[in-house]
Each structure stands twice: as structure tokens, then as C-alpha cells.
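Student: Protein chains in written order, with my numbering: chain A, 1 to 136; chain B, 137 to 193.
Since the hints were made in silico from the structure, they are not lab data.
Hints should not be assumed to be uniformly reliable.
[Claimed, not checked] Quick list of the computed label-pair ranges, beta carbon to beta carbon:
1) A73(A) - R172(B): 12 to 20 Å
2) D175(B) - A50(A): 16 to 24 Å
3) S134(A) - Y160(B): 26 to 34 Å
4) S32(A) - N138(B): 20 to 28 Å
5) E167(B) - P123(A): 19 to 27 Å
6) R172(B) - R135(A): 25 to 33 Å
7) Q39(A) - F161(B): 40 to 48 Å
8) Y142(B) - Q39(A): 14 to 22 Å
[As the list claims (entries may be wrong)] Mimicking DSS-like on lysine-lysine, the simulated pairs with C-alpha atoms at most 25 Å apart in a straight line are:
9) K181(B) - K168(B)
10) K168(B) - K35(A)
11) K136(A) - K181(B)
No residue lacks a Cβ here, since even glycine has one placed at the ideal position from N, Cα and C.
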Amino acid sequence: MNALKRIALLAALVASAAWAQGNLEINTPAISQIKSGMQARHAQLAPHYASGAVGLGADGTVALREASAVPLAQRQAVQGLVAQENADRAALYREIARANGHPEWEADIRNTFAQRWIERAQPGWYVQSGGQWSRK
Amino acid sequence: MNRALYALLIAAAMLSGCVTINIYFPAAAAEKAADRIIDEVWQLKKEQGAKPEGNQP
Chain A
1 MNALKRIALL AALVASAAWA QGNLEINTPA ISQIKSGMQA RHAQLAPHYA SGAVGLGADG
61 TVALREASAV PLAQRQAVQG LVAQENADRA ALYREIARAN GHPEWEADIR NTFAQRWIER
121 AQPGWYVQSG GQWSRK
Chain B
137 MNRALYALLI AAAMLSGCVT INIYFPAAAA EKAADRIIDE VWQLKKEQGA KPEGNQP
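Bound-form chain B, shown alone (with noise of 0.2 Å):
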């Protein structure tokens, strides 16, 4: 009975533990994802086909 209860318990605080994680804002996860985007707009990363002459003001 007892064990049953602390298992319970432990489920519930990783389940909370879960739903936090996902609630706050992974601004870290963020960062990394516009930086990846930016390369690739302002083309900072010669990846794919990049046209260099396009690119002289």
C-alpha cells in the first residue's frame, strides 16, 4: 500500500516536472534556432549554393 503511494508520488512530481519544462520559454533553444535561420538568410554559412557575386552591395 505503502509503495503503491510512494509511486504515486514520484509519478506526480515527474509528470509536474514534465509540464514545466514545457511551459517556460526554452530561450536557449531559441537562440540556436534564429542564429541557424540568420546564417541562412544572410547566407554567414557558405552551405548550399550560395551565389557570392549576388551578394556584393
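For reference, chain A alone in the conformation it holds in the complex (with noise of 0.2 Å):
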């Protein structure tokens, strides 16, 4: 009988840990916070995005990669938008991983969004792969 109760501990447990593999954490006010503040910087971001000035990394980044299509007062500024962005998404891996007990999931995390990010560009928009932009 004791023996049947432990295994139905074990069996309830194991069934927690499938349930907790079908979503990971992401709703902790430090990803909140880094995700807001990507949201907002994603306004400015965009019309880069769309002249080809910037493009999504294949490393999960964002690049400065055609200066030129920036007007030189504004590079600077631009340049500052891509770095804050690129500081945000490092944050961002790493806190999704640390929220899952797992910081060695970082890179697999940075690795899924890189692909997510790409996949989900609009069209128009540069892309990275194998070192290669291609517009989408």
C-alpha cells in the first residue's frame, strides 16, 4: 500500500514535469520589463528595418548592415537604437532562461528566436543566413 502511494507521487510528479514542458515561464516582471522596452524602441526601429539599414542577425541580433541608407545625422542615433536592442535581446535570453531554472538554455533560447524572429519579418526586410543577407 505504501509502495502504490509513493508510486502515485512519482506518477503525479512526472505528469507536473510533462505539463511544465509544454510552456515555458516567460511572465516575470523582468522579462516584462525587458519587453516593454523593446516594444517601444520597436517603433523607431521599424522604418530601418523596412529601408534595409537594418537587418535581423542570424545570431538572434539585430545589425547596422547599409549605413548608407541612414541620413549621417541620424546613423549615430541609429546606431545607439541597434546597440540598446541588441543589450535588451541578450537580457532577454538569459532572463527566460534563468526563469526556467535552466541559465544553460540560453544559447538554445537565443538560437529559437533568432529562427522566430526571421521567420516572422515582414517582407521587404533583411534577413540574415549562413553570413548571407537576403531581403525577404
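With the hints in hand, could you dock these two chains into one complex?
Tutor: Put into C-alpha cells, the structure is as follows:
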């Protein structure tokens, strides 16, 4: 009887672990804060994705791939936006891994995001694969 | 005696299953999480007070 109880308890544990695998935790204050910063910045970055000045990198970052597409006066500002965006993205990947108790997943999460950003980029945006830039 | 041994073996098998689940990177769950965050960052789904005019290039 006691053994049965133990087995039932273990079965429940296995079930909860399987359920936990269905979703990653992304609703922490740290993640929400990073996300809202990125959302606000997107309005400024979007025109530069469209012009091709900024592209979506293969490593889950954004890159200033064609600086000449940005008027000289704005170039420094766009460089700043790209740097801030990349800092937020790095923090986002790290926080998701941490929030799920697996800091070692950071690189996998980065790769997953890299694929999804590129997959979901709008037509006309530049995306990178195998070191090459191409227009969607 | 034998039954206790069986119970122990089953428990060990289940426990190792548990560990396996947690070690491997949950790729499908990560994709879902990524898509939810991308929806919000790029405002692809009008959920929470989206500002349409702020989005025009």
C-alpha cells in the first residue's frame, strides 16, 4: 500500500514535469520590463528594417548592415538603437533561461528566437543566414 | 520482498524519466514562448492598447 502511494506520488510528479514542459515561464517582472522596452523601441527601428539599414541577424541580434541607408545626421542615433536593442535581446534570452531554472538554455533560447524573428520578419526586411544577407 | 523491489524499480524508472524531461531543451515550448514575445514586441496582435498611428513608417 505504501509502495502504491509512493508510485502515485511519483506519477503525479512526472505528470507535472510533463505539463511544465508545455510552456516556458515568460511572465516575470524582469522579462515584462525588457519586453516593454523593446516594444517602445520597435516604433523607431521599424523604418530602418524597412529601408534595409538594419537587418535581423542569424544569432538573434539586429545589425546595422547598410549604414549608408541612414542619413548621416541620424546614423549615430540608429547605432545607439541597435546597441540598446541587442543589449535588451541578450538580457531577454538570459532572463527566460533563468526564469525556467536552466541558465544553460540561454544559447538554445537565443537560437530559437533567431529563427522566429527571421521567420516572422515582414516582407522587404533583411535577414541573415549563413553569413549572407537576403531580402524577404 | 519482491514487490518492494518492483516498486523501487518502477520508482527509479519514473524518476529518471523526470530528470530526462528537465534536461532536454523544450524546443516546441521555446518556439511558442518566442512567438508570444514577438507578437508583443512587434505588436502583431492588437491586444493591449496598441497605438496604430505610432506604427506607420
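Student: Would you mind marking each hint as holding or not holding in the structure?
Tutor: Going through the hints against the structure:
For A73(A) and R172(B), the hinted distance range of 12 to 20 Å is not satisfied, since their beta carbons lie about 37 Å from each other. Against the hinted window of 16 to 24 Å, the Cβ-Cβ separation of D175(B) and A50(A) comes to about 19 Å, which satisfies the hint. For S134(A) and Y160(B), the Cβ-Cβ distance of about 32 Å falls inside the hinted range of 26 to 34 Å, so the restraint holds. Checked against the hint of 20 to 28 Å, the pair S32(A) and N138(B) fails, with Cβ atoms roughly 54 Å apart.
At roughly 21 Å, the beta-carbon separation of E167(B) and P123(A) lies within the given 19 to 27 Å, and the hint holds. Evaluation of the 25 to 33 Å hint for R172(B) and R135(A) yields a pass: the beta carbon distance comes to about 27 Å. The hinted range of 40 to 48 Å is not satisfied by Q39(A) and F161(B), whose Cβ atoms lie roughly 26 Å apart. For Y142(B) paired with Q39(A), a C-beta distance near 55 Å fails the hint of 14 to 22 Å.
Distance hint between K181(B) and K168(B) is fulfilled; the C-alpha atoms sit about 15 Å from each other, no more than 25 Å. A distance of roughly 16 Å separates the Cα atoms of K168(B) and K35(A); the hinted pair therefore holds under the 25 Å criterion. Between K136(A) and K181(B) the CA atoms are separated by roughly 21 Å; this keeps the pair inside 25 Å, and the hint holds.
The structure fails to meet hints 1, 4, 7 and 8 from the earlier list, while all remaining hints are met.
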